[in-house]
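There are 2 protein chains.
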Amino acid sequence: MLNIKALTFDVFGTVVDWRSSIIAEGEAFAAGRGGALAEVDWNAFALAWRARYQPAMERVRAGETGFVKLDLLHRQNLEEVLDEFGLADLDEADRQNLNLIWHRLQPWPDTVAGLARLKQRFILATLSNGNVRLIVDMARHAGLPWDMVLGAEIAGHYKPQPQSYLNSAAVLDLEPSECLMVAAHNSDLVAAGTVGFATAFVCRPTEYGPDQDFDQAAENDFDFVADDFLHLAAQLGC
Amino acid sequence: MLNIKALTFDVFGTVVDWRSSIIAEGEAFAAGRGGALAEVDWNAFALAWRARYQPAMERVRAGETGFVKLDLLHRQNLEEVLDEFGLADLDEADRQNLNLIWHRLQPWPDTVAGLARLKQRFILATLSNGNVRLIVDMARHAGLPWDMVLGAEIAGHYKPQPQSYLNSAAVLDLEPSECLMVAAHNSDLVAAGTVGFATAFVCRPTEYGPDQDFDQAAENDFDFVADDFLHLAAQLGC
Numbered sequence: 000m001l002n003i004k005a006l007t008f009d010v011f012g013t014v015v016d017w018r019s020s021i022i023a024e025g026e027a028f029a030a031g032r033g034g035a036l037a038e039v040d041w042n043a044f045a046l047a048w049r050a051r052y053q054p055a056m057e058r059v060r061a062g063e064t065g066f067v068k069l070d071l072l073h074r075q076n077l078e079e080v081l082d083e084f085g086l087a088d089l090d091e092a093d094r095q096n097l098n099l100i101w102h103r104l105q106p107w108p109d110t111v112a113g114l115a116r117l118k119q120r121f122i123l124a125t126l127s128n129g130n131v132r133l134i135v136d137m138a139r140h141a142g143l144p145w146d147m148v149l150g151a152e153i154a155g156h157y158k159p160q161p162q163s164y165l166n167s168a169a170v171l172d173l174e175p176s177e178c179l180m181v182a183a184h185n186s187d188l189v190a191a192g193t194v195g196f197a198t199a200f201v202c203r204p205t206e207y208g209p210d211q212d213f214d215q216a217a218e219n220d221f222d223f224v225a226d227d228f229l230h231l232a233a234q235l236g237c
Numbered sequence: 000m001l002n003i004k005a006l007t008f009d010v011f012g013t014v015v016d017w018r019s020s021i022i023a024e025g026e027a028f029a030a031g032r033g034g035a036l037a038e039v040d041w042n043a044f045a046l047a048w049r050a051r052y053q054p055a056m057e058r059v060r061a062g063e064t065g066f067v068k069l070d071l072l073h074r075q076n077l078e079e080v081l082d083e084f085g086l087a088d089l090d091e092a093d094r095q096n097l098n099l100i101w102h103r104l105q106p107w108p109d110t111v112a113g114l115a116r117l118k119q120r121f122i123l124a125t126l127s128n129g130n131v132r133l134i135v136d137m138a139r140h141a142g143l144p145w146d147m148v149l150g151a152e153i154a155g156h157y158k159p160q161p162q163s164y165l166n167s168a169a170v171l172d173l174e175p176s177e178c179l180m181v182a183a184h185n186s187d188l189v190a191a192g193t194v195g196f197a198t199a200f201v202c203r204p205t206e207y208g209p210d211q212d213f214d215q216a217a218e219n220d221f222d223f224v225a226d227d228f229l230h231l232a233a234q235l236g237c
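Protein chains in written order, with numbering that gives the first Met the number 0: chain A, 0 to 237; chain B, 0 to 237.
To be clear, the hints were calculated from the coordinates, so they are not data collected in a lab.
All of these numbers come straight from a predicted model, not from anything done at the bench.
You may find that some hints are simply not true.
The list cannot tell twin chains apart, which means a pair is met if one copy fits it or any two copies do.
[Stated by the list, open to error] Calculated lysine-lysine pairs in the DSS-like style (CA-CA distance at most 30 Å, straight line):
1. Lys68 with Lys4
2. Lys118 with Lys4
3. Lys118 with Lys68
Only chain A is shown next, with the shape it has when bound in the complex (with noise of 0.2 Å):
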């Protein structure tokens, strides 16, 4: 019954594994300074950096101010978590390369073949947040196909937002349920069905680390479940 020609992903955590991206960052970052630098959680850095993230957002989708490209969200929450971890004195040229660890995050083991299998059947885009360049220098960093980079940016708006999914398929001149949304958690899932996008939901279980305990598993009727990219493709006859 399924007629998809596009696969939209979600990127962070679905794509990429932004928590031990950051944890090798910053350990590499900090190797060799001291002071409050040597004594960094950068598990904790990174989760309380990310922790900023949905409420950053929110005061977009709110409407308390214009469309803000994630970049200048990402560097806001990193002022407050920099300050956070006694880290107040770094200055702009390691706060401008800390920001850009998004732009260099590394896949999940599976991403890369995954992706080629399917790239061979369905056009891939990306439906992310992430601003444009982010995504395009991630994509270069890591290898990843992208035909197109949609999403927050091209849509101007952020998701879950019934826009960024709609003006995304309206771009690649698709119907709704002609793209399928791919995604590691159930509320990005549960939107873009609303709007008519098929689902496919791909486990992530360690996305927050070792004792993460939701986005386990699928928690709606999702037309796919995957345990990864191959399986995924595997699944699509790719």
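Assemble chain B onto chain A, guided by the hints.
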């Protein structure tokens, strides 16, 4: 002095050979069919179709209508050309198939190898009047490794309007001077240069056929002048 981070490409004529592609597709389409189809001069057909391109966009640029995707302008132009060539009885499926030729255009012989070299060092984006789905389909068909599809649909303005260039640079978070516009058309490069883009003329002297008597050489002081994409890659140190 240049600090180029992205190459932005004109597509029709610069990246792909639309004339030869339409001739080949048209001849294959007509093969074995009689009537007026058997009599069509597909070179003349291609040129007639393309001749309606700028006037159609000019209606959008002049504000006579809101922004319309190029696929629709191509289709409106196709109706006129079919009438002109005595093909008014073609059915809807044939018309849709012909209009999609623009999604299946073939690259010039140097295009794919040249882009692969240029991609090692620069972000590669389209900055075309083609709509996103057209450019995405073409890229998948021809193997064009774009990092991002920009241009008219994303910018909301057709070239050579300044916003088409400036909005495209803004999506990449780049200054115009960090973008190198690559085109086979002097007028495109003059418009890009006026808003601060660096410029590269790549000569495609037979885009309109062996008798083409314009755009045979760079007519302004562009930053680069190249015989093809491999020559451009060499000049850019790729």
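Taking the hints in turn, this is what the structure says about them:
1. Proximity of Lys68 to Lys4 under the C-alpha cut-off of 30 Å is found in both arrangements, the shortest distances being 28 Å within a copy and 20 Å between copies.
2. Proximity of Lys118 to Lys4 under the C-alpha cut-off of 30 Å is found in both arrangements, the shortest distances being 11 Å within a copy and 27 Å between copies.
3. In this homomeric assembly, Lys118 and Lys68 come within 30 Å of each other (Cα to Cα) both inside a single copy, at 28 Å, and across copies, at 25 Å.
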